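K.L.:
Make a model of the complete structure from these sequences and hints.
Residue 7 is where the sequence shown starts when you use the numbering used here, and the numbers rise one by one after that.
Worth flagging that the hints you see were computed from the coordinates, not collected in a lab.
Honestly, I wouldn't trust all of these hints.
[Unchecked claim] Mimicking DMTMM-like on lysine to aspartate or glutamate, the simulated pairs with C-alpha atoms at most 20 Å apart in a straight line are:
#: 1; residue 1: 63; residue 2: 47
#: 2; residue 1: 105; residue 2: 137
#: 3; residue 1: 63; residue 2: 124
#: 4; residue 1: 51; residue 2: 82
#: 5; residue 1: 63; residue 2: 137
#: 6; residue 1: 51; residue 2: 97
#: 7; residue 1: 63; residue 2: 82
#: 8; residue 1: 51; residue 2: 30
#: 9; residue 1: 51; residue 2: 124
These figures come from a predicted structure and were not determined experimentally.
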Amino acid sequence: MNKKYLKISLLCILMLHFLPLQADLSWQLYSPENVLSVQLDLDGKGQLRFQLRHQGKDVIQPSPIGIRFTHTGFEDGLSVSGEVEIVTVNDDYQLWSGKQSRVSYLAREMTLPMVNADGLAMHLRLRLSDDGLAYRYE
Numbered sequence: 007m008n009k010k011y012l013k014i015s016l017l018c019i020l021m022l023h024f025l026p027l028q029a030d031l032s033w034q035l036y037s038p039e040n041v042l043s044v045q046l047d048l049d050g051k052g053q054l055r056f057q058l059r060h061q062g063k064d065v066i067q068p069s070p071i072g073i074r075f076t077h078t079g080f081e082d083g084l085s086v087s088g089e090v091e092i093v094t095v096n097d098d099y100q101l102w103s104g105k106q107s108r109v110s111y112l113a114r115e116m117t118l119p120m121v122n123a124d125g126l127a128m129h130l131r132l133r134l135s136d137d138g139l140a141y142r143y144e
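P.N.:
Set out below in C-alpha cells:
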C-alpha cells in the first residue's frame, strides 16, 4: 500500500476519534420588547441548559433543564429532531374579578423538538413575555 494513502487514512481515523459526536447548538429567544432573553444550549453530550437575562444581566445563570420518568429521561443524550419554531403569541382574555377585567398578552414562543437516547420524542416549549418565562414539556 502506498505510504501517502496510509498516512491520509491514519489522519482521518485520528480526526474522527477526537471529533465530538454532536456539535454544540444554541438558540436565543427575545421577549417582544427585548426586556428578557433566554438562551438554550445543547452540548455535545446532549445535555440541555438554559440561561435567562433581564436587560442583558443574568437572572438565571446557565442551568440544566430536563425531565426524568421512571423508565426513561430527557436529561442527556438529547438531539434535535426537527425544525425549531419561533412564533409570536398575542392573546386577549377576560377576567371574572380583579382590578382589570380585560387582559392583553404578548409573548414570543419557541418549540424545540427533541428525541432522547431511547428514541422517544418530546417537545420543549418556552414562552417569553416582557415580565416572565414559562416552559413545558409536550
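K.L.:
Against this structure, judge whether each hint is valid.
P.N.:
We went through each hint and held it up to the structure:
no., hint, in the structure
1, 63 with 47, "holds, 18 Å"
2, 105 with 137, "holds, 19 Å"
3, 63 with 124, "violated, 37 Å"
4, 51 with 82, "holds, 7 Å"
5, 63 with 137, "holds, 14 Å"
6, 51 with 97, "violated, 38 Å"
7, 63 with 82, "violated, 27 Å"
8, 51 with 30, "holds, 9 Å"
9, 51 with 124, "holds, 14 Å"
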